[in-house]
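Protein sequences appear in the order of chains A and B.
Numbering-wise (the UniProt record's numbering), the first sequence opens with residue 1 and increments by one.
Numbering-wise (the UniProt record's numbering), the second sequence opens with residue 1 and increments by one.
In case anyone wonders, no lab produced these hints; they're calculated from the structure.
Hints are not guaranteed to be accurate.
To be verified - To give an idea of the chain A side of the interface with chain B (calculated C-beta under 10 Å), a few residues:
#, residue
1, Thr71
2, Asp76
3, Ala78
4, Gln81
5, Ile117
6, Leu163
7, Tyr211
8, Leu226
9, Ile228
10, Lys233
11, Pro271
12, Phe383
13, Ala385
14, Leu389
For each residue, glycine too, the CB sits at the ideal point set by N, CA and C.
Number of protein chains: 2
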Amino acid sequence: MANKEMYTLGSQSSVIRELFSYGQEQAAKVGKENVFDFSIGNPTVPAPACIRESIAEIMATRESAAIHGYTAASGDTAVRQGLAQYMNDTYDAHVKADNFYMTCGAAASLTITLKAIVEAPEDEVLVIAPFFPEYTVFIENAGAHAVILPPDTEHFQISLENLEKAITPHTRAIIVNSPNNPAGTVYSADTYTKMADILTKKSAEIGHAIYLISDEPYREIIYDGLPILYVPKFYANTIVCYSYSKSLSLPGERIGYILVPDSVSDKDVYPAVCGAGRAMGFVCAPHLFQDVVLKCLGQTSDMNIYDENRKLLYNGLEEMGYDCVYPQGAFYLFVKSPEPDANAFSEKAKALNLLIVPADSFGCPGYVRISYCVEADMIKRSFPAFKKLIEQYT
Amino acid sequence: MANKEMYTLGSQSSVIRELFSYGQEQAAKVGKENVFDFSIGNPTVPAPACIRESIAEIMATRESAAIHGYTAASGDTAVRQGLAQYMNDTYDAHVKADNFYMTCGAAASLTITLKAIVEAPEDEVLVIAPFFPEYTVFIENAGAHAVILPPDTEHFQISLENLEKAITPHTRAIIVNSPNNPAGTVYSADTYTKMADILTKKSAEIGHAIYLISDEPYREIIYDGLPILYVPKFYANTIVCYSYSKSLSLPGERIGYILVPDSVSDKDVYPAVCGAGRAMGFVCAPHLFQDVVLKCLGQTSDMNIYDENRKLLYNGLEEMGYDCVYPQGAFYLFVKSPEPDANAFSEKAKALNLLIVPADSFGCPGYVRISYCVEADMIKRSFPAFKKLIEQYT
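Just need the whole structure built from these sequences, with the hints factored in.
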C-alpha cells in the first residue's frame, strides 16, 4: 500500500551518503582527525559576507509580509529583473524577467524542466557519462527514459560520434553539466559548437527540437582563467538550470532558477515550466533567499580556496603515481582506479579511513570521485594514507 | 514540443489570481483605498517576534555551513526531535523524530504524500467539496483520479453517507482539510469518530488500507475555544500534512512537514515519502527556516486579529442579510450567493470594487469565498459596498 518505486528510491541509500555516514561513525571511534572524508559535495567555503549583510538588512528594513509573504509562482518580479540585468551585463544574454522561473535549487530546476518538456512514455533524455546519479531518477519521474552515453575516458569531453549515434526520433533532450560533477571537466566553445551542429541537424532530421538542458550549479567554480560560456549562444533550444548552492555556499537554502531564453523555439515551454512547478507543489522559491541572491548578484564564495585545494590534491596524487583527470572546474578530482573494480579500490581506501566514491553510479566504472570541498589541512594529512593505498598496487 | 497538460496548468490563471491581479490594476486607477480585495489567502498578520529574533540569533552565533549547508533529506535531526517532543507534549502524540519528513510547505507535503501512496492509474483519492482547488492538480500529478464528494451545504461537515457511497475498491486515500479552506468550518471529534468507523469498515471490505491525509495548514487558526484535534488518534492510517505558512505567517518561506505516525499500518509509507521527495527534486526543506521553526515551536502570529476580523465581517454581513456559514477556523467567510450563479454575483461585486471569489473552482457552485486576512479597516470601509450589493437582490 505504498508506491513500490518510491519505496525503493527512499529506502536505498546512495553510495555517497553511505560513505558519509560511515565516516561520521568512524570519526566517533578513531577521532575526527584520523578520518579523511572526501565523499560529499557540501561546500565548506563560507558564504560570502554579503549573505549575512543582506539578511540583516532585509530583516531590519522590511515588514514581515514583504519579507516572508508569497511571491509570484515564477518568483518576485524585482528579483527576476535584477537577474536578467545581471545576465545581460555579464553574458550579453538578451534576456528579461519573464525568461526566468525561480526554483528551490538545482534538483527542482531539473525536475520541473523535464516535466515541462517530456510528452510521451517513449521519450528519451540523453545523459553523458560520467553524470550526477540523480539525473536518471529525475528523468524517470518526468515519465521518460534515460539514455546514457558512455564516457569518453580519454578527454572527458563529449564524444560527438556517440552523441550523434544515440539520437533517435524519441530524443527529447540532452542534459549537459559543465563544469562537470564528477569529472571536474569543462566543455570548450569548440565542443558546444560541434554539439550544436549535431543537435540542429538531428532536430531537423527527426522533425522536432531537441532541447539542451544546461545544468550549471558549478558555473562560477572554474579555474585557470577559463571563460564562462553562455550556452544559449551556441544552441538556441537551450534551457539553463542554475542553483546558488555551490557559488554562494547555500545548498541547504534551496534557491536557483530556470532560464528559458526567447531563442527557445516553442513558446509553450515557459508556461509548461510554470505548470510543472505547480503540479509538483513548488508554490514559489523561498522568498527571503530570492531577495538575498538579488542583493548578492555577481558575488561568490572564495573560489581561491577550492583552487588551492585542487592544486594541492592533484599535484600530490599525481606525484604518488595516481592517474587523475585534470580538473578545470567544480570541486571534484576524478581518478582512475589502479584496479579495474573501483569498488574494491574504494574498500581498500576505506580500510585506511580514506573515503572516496566509486564512480559506478556516475556511469563510469573503474574511476573514483574525490571531493575537495574540504579543509586544506585534511588533504595534507591524508597524503600518507593515499601513499599507502597506491603502494598496494606497485 | 512542450507537455500539453503542463502548458495548460501553467497558462491558465486561477480565478483567485485573476481577481488579485485585477485588484492591483484597479487600485492604480481608482486608488488603493477604494478597492476591497478579499480574494487571496496571504497572511497579513506579521510573523511573531520570535521569527526575527531566531534569524538574528542563528546568524550571529553559527558558522555559515551550519546555517546554510544541506540537512538530511528528511530534515535536520534536532529539528525533527524538537518537533516530536512538541507534538508529544501538546497532543500526547507518541511520535519520534523519524516519523517526520520536513517539506517545502503544504503543497509539497501533499504532492509528496500522494506520490508515495498512489500505485496504479485507476487509484482514486477522495476530496470533500468545498476544497482547495489545487488538490485535483496534485492528485493528477501523482497519477490518480480525484473523486469529489458533493458539499453538505447544510452543515459543511462531512456527509458520511456520501463518503461511504463514494468508496470503491480503487479508493486509496481521502484528503480532509480542517479548519477548512474555503468554508471556515472545523470538523468535530464526532465527525472524525464516525468517519474513522466508515474508513475502517471499508478498508476491511476492499482489502486494503484507505489513508486519511489530514491537510492542516490552518491547524492553529481556530476560534471560540474549540479544541485542536490530533487526527491519528481517531484513525490509525492518518498521514498529517502541515505547513507553517499560516500559523507563523511565513507562506513565502516554504516550510512544513509530513508526519507518518507509527500507527500507519504499512511501514513502507515513510520510506516511500522519502523516495517521492527525492524523485520530485526536493533535496531538503530550506535549512535556515527549519532551525527557525524549531526555535518558535508552539508560537503563532496574533490570532486575535483574525478573530476580530471574523466577528466584524460575519456580524456585519449577516446584519445586511447575507447568508454566511459561521466560521470556526481559518480566515475565510463562506457566503451563499443571493443568485444561483456565484460568478454573476462576483461580477456584480467586482463592479463595486469588492473582490470576492466564486466557489465553483472549490467544487461548491452558488457560494463565494471572502478572505478576511486583511486590514480590519478595509473590512469596515467595504461595508457600504457590500450593502449596495445585497440591495440589488431585494
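Results of checking the hints against the structure:
no., hint, result
1, Thr71, "6 Å, holds"
2, Asp76, "9 Å, holds"
3, Ala78, "14 Å, violated"
4, Gln81, "17 Å, violated"
5, Ile117, "6 Å, holds"
6, Leu163, "20 Å, violated"
7, Tyr211, "8 Å, holds"
8, Leu226, "27 Å, violated"
9, Ile228, "23 Å, violated"
10, Lys233, "21 Å, violated"
11, Pro271, "4 Å, holds"
12, Phe383, "24 Å, violated"
13, Ala385, "24 Å, violated"
14, Leu389, "28 Å, violated"
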